[in-house]
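A.B. asks: If you're matching them up, the sequences are chains E and V in order. Each position in the first sequence, counted from 1, maps to that position plus 96 in my numbering. Each position in the second sequence, counted from 1, maps to that position plus 11 in my numbering.
In case anyone wonders, no lab produced these hints; they're calculated from the structure. All figures in this text were calculated on a predicted structure; none of them were measured in a lab. Watch out, some of these pointers could steer you wrong.
Some residues of chain V that are not near chain E, with every Cβ distance over 10 Å (derived) [what the hints assert, rightly or not]:
| # | residue |
| --- | --- |
| 1 | D159 |
| 2 | N181 |
| 3 | N205 |
| 4 | N293 |
Computed Cβ-Cβ distance ranges for the label pairs, DEER-style [claimed, not checked]:
| # | chain 1 | residue 1 | chain 2 | residue 2 | range |
| --- | --- | --- | --- | --- | --- |
| 5 | E | D415 | V | S53 | 37 to 45 Å |
| 6 | V | R309 | E | E255 | 24 to 32 Å |
| 7 | E | E400 | V | L67 | 34 to 42 Å |
| 8 | V | A89 | E | Q123 | 42 to 50 Å |
| 9 | E | L225 | V | E333 | 29 to 37 Å |
| 10 | V | L67 | E | N182 | 36 to 44 Å |
| 11 | V | R309 | E | P429 | 45 to 53 Å |
| 12 | E | L225 | V | E276 | 31 to 39 Å |
Glycine included, every Cβ here is placed at the ideal spot set by N, Cα and C.
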Amino acid sequence: MEVRGDELLIVEDVKKYFPITRGVIFQKAIAQVQAVDGVSFSLRAGETLGIVGESGCGKSTLARCIVRLLDTTAGRIVFDGRDVTNLSRMAMRPIRREMTMIFQDPYASLNPRKRVGFIIGEPLEIHKLGTPGEVKTRVQELLEVVGLNPEHYNRFPHEFSGGQRQRIGVARALAVNPKLIVCDEPVSALDVSVQAQILNLLKDLQDDFGLTYVFIAHDLNVVRHISDRVMVMYLGQVSEVASRDDLYREPKHPYTGALLSAVPIPNPELGRQREAIVLEGDVPSPVNPPSACRFHPRCPRFVEGHCDVEEPPLYPFGDGHVAKCHYPLERWPMTAEEMRRRTTTAREEPVEA
Amino acid sequence: MALLEVKDLRTSFRTEDGIVKAVDGVSFSVEKGQTLGIVGESGSGKSVTCLTIMGLNARKNTISSGEALWKGKDLLTAKPSELRQIRGDDMSMIFQDPMTSLNPVHTIGKQLVEAVQLHRDVTTRVARARALELLKAVGIPKAETRIDDYPHQFSGGMRQRVMIAMALINDPDLLIADEPTTALDVTTQAQILNLMKRLQEDFGSAIIMITHDLGVVAETADDVVVMYAAKVVEHADVSDLFNRPQHPYTWGLMGSLPRLETDTERLVQIPGQPPSLLRPPNGCRFHPRCPYVMGVCRTTEPPLEPTEHDPEHLQACHLDQETKNREAAKLLESTMAEAG
Numbered sequence: 097m098e099v100r101g102d103e104l105l106i107v108e109d110v111k112k113y114f115p116i117t118r119g120v121i122f123q124k125a126i127a128q129v130q131a132v133d134g135v136s137f138s139l140r141a142g143e144t145l146g147i148v149g150e151s152g153c154g155k156s157t158l159a160r161c162i163v164r165l166l167d168t169t170a171g172r173i174v175f176d177g178r179d180v181t182n183l184s185r186m187a188m189r190p191i192r193r194e195m196t197m198i199f200q201d202p203y204a205s206l207n208p209r210k211r212v213g214f215i216i217g218e219p220l221e222i223h224k225l226g227t228p229g230e231v232k233t234r235v236q237e238l239l240e241v242v243g244l245n246p247e248h249y250n251r252f253p254h255e256f257s258g259g260q261r262q263r264i265g266v267a268r269a270l271a272v273n274p275k276l277i278v279c280d281e282p283v284s285a286l287d288v289s290v291q292a293q294i295l296n297l298l299k300d301l302q303d304d305f306g307l308t309y310v311f312i313a314h315d316l317n318v319v320r321h322i323s324d325r326v327m328v329m330y331l332g333q334v335s336e337v338a339s340r341d342d343l344y345r346e347p348k349h350p351y352t353g354a355l356l357s358a359v360p361i362p363n364p365e366l367g368r369q370r371e372a373i374v375l376e377g378d379v380p381s382p383v384n385p386p387s388a389c390r391f392h393p394r395c396p397r398f399v400e401g402h403c404d405v406e407e408p409p410l411y412p413f414g415d416g417h418v419a420k421c422h423y424p425l426e427r428w429p430m431t432a433e434e435m436r437r438r439t440t441t442a443r444e445e446p447v448e449a
Numbered sequence: 012m013a014l015l016e017v018k019d020l021r022t023s024f025r026t027e028d029g030i031v032k033a034v035d036g037v038s039f040s041v042e043k044g045q046t047l048g049i050v051g052e053s054g055s056g057k058s059v060t061c062l063t064i065m066g067l068n069a070r071k072n073t074i075s076s077g078e079a080l081w082k083g084k085d086l087l088t089a090k091p092s093e094l095r096q097i098r099g100d101d102m103s104m105i106f107q108d109p110m111t112s113l114n115p116v117h118t119i120g121k122q123l124v125e126a127v128q129l130h131r132d133v134t135t136r137v138a139r140a141r142a143l144e145l146l147k148a149v150g151i152p153k154a155e156t157r158i159d160d161y162p163h164q165f166s167g168g169m170r171q172r173v174m175i176a177m178a179l180i181n182d183p184d185l186l187i188a189d190e191p192t193t194a195l196d197v198t199t200q201a202q203i204l205n206l207m208k209r210l211q212e213d214f215g216s217a218i219i220m221i222t223h224d225l226g227v228v229a230e231t232a233d234d235v236v237v238m239y240a241a242k243v244v245e246h247a248d249v250s251d252l253f254n255r256p257q258h259p260y261t262w263g264l265m266g267s268l269p270r271l272e273t274d275t276e277r278l279v280q281i282p283g284q285p286p287s288l289l290r291p292p293n294g295c296r297f298h299p300r301c302p303y304v305m306g307v308c309r310t311t312e313p314p315l316e317p318t319e320h321d322p323e324h325l326q327a328c329h330l331d332q333e334t335k336n337r338e339a340a341k342l343l344e345s346t347m348a349e350a351g
């Protein structure tokens, strides 16, 4: 991978397999779920990388690997110039100050028996940042930053609505002044009007504190709104990476195309004249993924004897735009019919590793 | 005569904290072959409206009033046995969560056959043939063998198809779909919406589509009801609603959507959160969150009235027409900027 020198996070060929075991006492691994299978990307300071994909594509597992909540099976994670892949818990601890996480479910991710002040202040206590008095001042400051009333310091999570709880989650992630925040579907559980509040808040915080985000979502509209670059995942692998504008204007991978065309447009005229590219079937099981290109059983431009035999590398399309497809899309938008009628011949040159 | 005509429907629940008016004076009608979209955020009363029509609210602690005329017959005063005849036959429902709405201990074949035999006096063989036909119609591969599988052997999208098959098995005249695609991925959602559209063309059923997703409404509905805090705030034809929205809440909903086709630096946000229905605000229920709030909004509830340009377009807001037109145009300009 090309190293530009200012990367905050480098992820190299990360794999995470979960064993499926049989037996009660003598557990024997009988198969593996290939949740993440060889994902690489890098992220510059101040940048937002959006990761999209359907459920089961491994995006949350990847997030957990990045912040080392899960140990990787293979690969390397370099954070701020330091290889953190195999650091011990103790050695990892100071680094945890630098990277935090915002979780999907604002109801399940806050301890219902603790007061908000404690929840937000706990990271500060763990990292021994300040006396109790200082922690309290800092927590109240944080509450204000995320748009909550600092006087709500002593309330319990159940006294807040979903959107307000997600603000508490954001405040907790911010408490230790991290460099990187990994957001795992932070707005999917919220109503649209509240979702907009949280998205605006995350953007404002990025401007104010120079944060770097890994932003995971299944909603392509949300990802487009917040990201600088977008990575599309399918069955544990990267399908396409591009700058936001390139990806949404000129997707190269048929899967990206299908995803984009499947998003309902909130405009009756536009939405109805366009024909969605409907994929057949479901996402296959990551226990036993399809051979070669994992998308081939559902792909409208599948070529027998090529796509199911030879795994496509990530072909480059300039400007850091890469797509894992032998027969990339020629243009966009296109109809389902046009997508099936491929005019491109197979790509030759693979991307240098 | 409309297929279903709902007049001034009200539903309240008695709770420990007091009476919650979950639906407060909702009226609409659905014609044959038409799709009505009901949009609103969680807690706005859209699901309760449909549960009340179907008679599926718990009897205990529920107070309903108003009328829901099904082909002229009031469903709210109908006997449970009469309701049972209508439900699943003339009128059926697709629930939001495909993971919990199927019985896990019976094969899907058995559940589908049961749905047929409850309403038709046919042999199991005939009912099973019908079940198989429907499973094929909703696009389940290898239906002949999958019919004897249990729900846990199906994926989420497949289960939702089974739910749709079950809802359609007796050729209903009206299908109520309560967030049928919310739990699904976008590509699966596209499959299901396509399927519903095709089935509607084939069977000519009317559909009530409950959703919080304006995109889904824009693509499927003919008529749209926007609900906020148990009340209808706007009701219009779909293109009229999206091109000439008249209510500040609708503007807020539209502005707060991040969109694929346009760039917006900052989303319009509706400040605050939906009110508690235990103690709804006085006057217009949207006034505490409304950027255009005036004195009259705090005291007087705006009636649901036709707009000047179209008697079919109903809205409940005190703002003068000029301001509304201006704001709607502004909103449209900002969201359509790039789409052209």
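A.B. asks: Taking the earlier hints as the rules, which of them does this structure contradict?
C.D. replies: 3, 7, 8, 9 and 10
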